[in-house]
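> Each chain is listed here by its residues.
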Amino acid sequence: MAIETILIINKSGGLIYHRNFSESFASKLNSNDFLIIASTIHSVFAIASQVTPKALQLTQNKVDYTIPYIPMVGMESSANQNNRGNPEMKLGSYKGPDYFRESFVSWNKSGLRQLSTDQFTMYIYQTMTGLKFVALSSNVLSSHHTTANGTVDKTKSANLASQVADNFLRKIYCVYSDYVMKDPFYSMEMPIKSETFDKKVKEMVNNLL
Amino acid sequence: MSQQIIQPSTADPSVRDRSTGYEYTVGPKPSLPDEHMRSPLTSRLYAASLAAGKQQVSLAAMTFLFQEMIAYLHKNCTSVTEFEGRLSAYGESIGTKLLELLNLRSSVAPGSSSRTSTFLSSSSQTSTAAGSTTAGSATARSRSGTVTSSRSGVSASTHTGTAPSTGPASAASHSNGSATADSHSHHTHAHIHQTESLTSQITRMRRRDLKILDILQFVHGTLWSYLFDHVSDDLVKSSERNNEYMIIDNHPPLTQFISGANNRVSCDYFVCGIIRGFLTDAGFRCKVTAHTMPQGTFDNRTVYLIQFDNQVLERENIRFGQASS
Chain A
1 MAIETILIIN KSGGLIYHRN FSESFASKLN SNDFLIIAST IHSVFAIASQ VTPKALQLTQ
61 NKVDYTIPYI PMVGMESSAN QNNRGNPEMK LGSYKGPDYF RESFVSWNKS GLRQLSTDQF
121 TMYIYQTMTG LKFVALSSNV LSSHHTTANG TVDKTKSANL ASQVADNFLR KIYCVYSDYV
181 MKDPFYSMEM PIKSETFDKK VKEMVNNLL
Chain B
1 MSQQIIQPST ADPSVRDRST GYEYTVGPKP SLPDEHMRSP LTSRLYAASL AAGKQQVSLA
61 AMTFLFQEMI AYLHKNCTSV TEFEGRLSAY GESIGTKLLE LLNLRSSVAP GSSSRTSTFL
121 SSSSQTSTAA GSTTAGSATA RSRSGTVTSS RSGVSASTHT GTAPSTGPAS AASHSNGSAT
181 ADSHSHHTHA HIHQTESLTS QITRMRRRDL KILDILQFVH GTLWSYLFDH VSDDLVKSSE
241 RNNEYMIIDN HPPLTQFISG ANNRVSCDYF VCGIIRGFLT DAGFRCKVTA HTMPQGTFDN
301 RTVYLIQFDN QVLERENIRF GQASS
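Chains A and B supply the protein sequences, listed in that same order. Per the UniProt record's numbering: the first sequence = residues 1 to 209. Per the UniProt record's numbering: the second sequence = residues 1 to 325.
No wet-lab data here; the hints were simulated from the structure. Predicted model only: the values in this text are computed from it and were never measured. The beta carbon of each residue, even a glycine, is placed where N, CA and C say it ideally should be. One thing to keep in mind: the hints can contain errors.
From the structure, some residues in chain B lie toward chain A, with a derived Cβ separation under 8 Å [to be verified]: (1) Q55; (2) L59; (3) A60; (4) T63; (5) F64; (6) Q67; (7) A71; (8) H74; (9) I258; (10) S259.
Here chain A stands alone, though its shape is the one from the complex:
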C-alpha cells in the first residue's frame, strides 16, 4: 500500500498537518486546496453520520467494530531493528517492539471510513476526541485482484486494506500522542510544526512500502 498523503484534521475541521510522500496528483495541489479538502472531508464525514440508515443505527450494538491487530504495519523489519541496537528506546513512551499488540474497537462508528475511486483510495481513522487521520493511497482496489471469483475476493482485499490502513493510522495516532502532545511548545488545535513528528511519520510511511 503506497501512501501518497497523510492529513490530520482537528475536531473543528481545520487542517493541522499534511504531508505528501510522492510526486503525484496530490502534490499538484497547494496548501489552500488542502485546507478546503480537509474541511470538505470534515463536513462529508458529519453528513455521512447523519445519513446512516435508521435500521443500522437501531442495531448499532450488534455491529462489530473490532479491528484485528495486524503485526508490524509500518514498523521496521526485525532484522533491521537488531542493527540499530536498543529497540525499546525507539518508540518513545511505548514499550516493546510495537506500539500496540491487540485488536481495537474503532471509534469511527457512524462516519466515513473509506472512499474508493479509480484514482485513489482514502482511509479515515477517527479518534475518540474527534481528531481525524486521513491517508490517501494510490492503490486502486477494484483493479487489484483478478481471480475466478472476483467479487468475493475484491471485498476481502478491500477489507484487509482497510484494516491495514486502520492499524497504520492508529500508529500515526500513537506517534502523534508522543511527539505532538508531549511537546511543550505545541499549542492545541494549531498546525503541527514538529520535525521529529514529521520524521517519524515519514519513517513509518517508508516502512509501509
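On the provided structure of chain A, position chain B as indicated by the hints.
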C-alpha cells in the same frame, strides 16, 4: 452560657456542634477538632523503604509533568537565560537530595537482599570495598555488635551527613561521633524489629568521593542509572581546558519529544541542574551547560559540559598532587 457566636466556616456538623465560639470571660474557644487528639497522619512516603527496588515511573506521566513545568516557566520568563537558570534551579534541589540517597544506597553491602547498583566509583575504592565486602556481609548475617562498632571507628570520616564546607578536622570529629551513634542505633533497630530498613543493611558507609574523577564516575554510573535506567553514554575530559568534563547522553529520555534543537537544549537544563546540585553539594562547585551534538543516528545526542571552579582544581592539586601529576 456558651452561645454560638462565631459560625465556623465548615459544613461539617461535628465541628459546628463542638464549637462554643468566643466567650468573653475565657476568650476564643477552639472550634476545630483538636489536632493532637488525632493519630498522626501516616504517609506512605515516610514508611517507604529507602532500599533500591525496581521503581519505575511512567515516562508519559513524567513528560506531561515536565511539559507543564516548561510551559509555566516559558510563560513567566523573559529571556532564555532566565528560563534556563530557573529550570536548572528546579533540578538542583533534586540533585542535592540524590547525593544523600544514592550514597546511602551504594553503602549497602552487595550481598544483602535488595538490588543495588554494584557500580563503585574508583579503582582504589573498589579494592577496599571488595575487601570489606565479604566481611561486611558476614557481619550483616551474624549481626555481632563488636565487629560493627570497631568497623565504624575505621570508617568514621566516611559519613556524608556533615556539610562539606566545614573544616576537615571538625568534620572528622563530628562525623566520628555521629557515625558511631548511628551504627549503634542501626544495631538496636535491627535487633528490635526486623523490618526492611535500609540502614539495617549498612555496616559501613561508603566513602565520600573526594576526587573529581571519582565523583564524575558516580554521576556517570550511579546517578544516571538511577535517573534514566542506563549508564550515560560517555564521560570525556576536555583536551583544551583542564577544568572541563563532558557527560554525553545519546538519547536523553526526558526531552526526546520536544521539537526543535534549540528548544530541546534549553529544556535539557533541568538535567544540568540535577548534575550541578549533585556536584556542588558534594563540594565540587561547577557550572553545567547543555549542548546538542547530533552524531550518526542519534539526533538528540546531548553533551552536558561541566566546568569546575578553579578552587576545586587547586584543592585537588594540593591534596592529590603527587598522585595525579
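> Run every hint past the structure and note whether it holds.
The hints, checked one at a time:
1. Interface restraint check for B:Q55: the shortest CB-CB distance to chain A comes to about 16 Å, outside 8 Å, so the restraint is violated.
2. The criterion of a C-beta within 8 Å of any C-beta in chain A is met by B:L59, whose closest approach is roughly 4 Å, and the hint holds.
3. Look at B:A60: its Cβ gets to within about 4 Å of chain A, closer than 8 Å, so that hint holds up.
4. At its closest, the beta carbon of B:T63 sits 5 Å from a beta carbon of chain A; the interface hint therefore holds under the 8 Å criterion.
5. With its C-beta approaching chain A no nearer than about 7 Å, B:F64 sits inside the 8 Å limit, and its interface hint holds.
6. Look at B:Q67: its Cβ gets to within about 4 Å of chain A, closer than 8 Å, so that hint holds up.
7. Among the interface hints, the one on B:A71 holds; its C-beta lies about 5 Å from the nearest C-beta in chain A, closer than the 8 Å criterion.
8. Interface hint at B:H74: satisfied, since its Cβ lies 7 Å from the closest Cβ of chain A, which is below the 8 Å cut-off.
9. Interface restraint check for B:I258: the shortest CB-CB distance to chain A comes to about 6 Å, inside 8 Å, so the restraint holds.
10. Hint status for B:S259: holds, given a least beta-carbon distance of 3 Å to chain A, under 8 Å.
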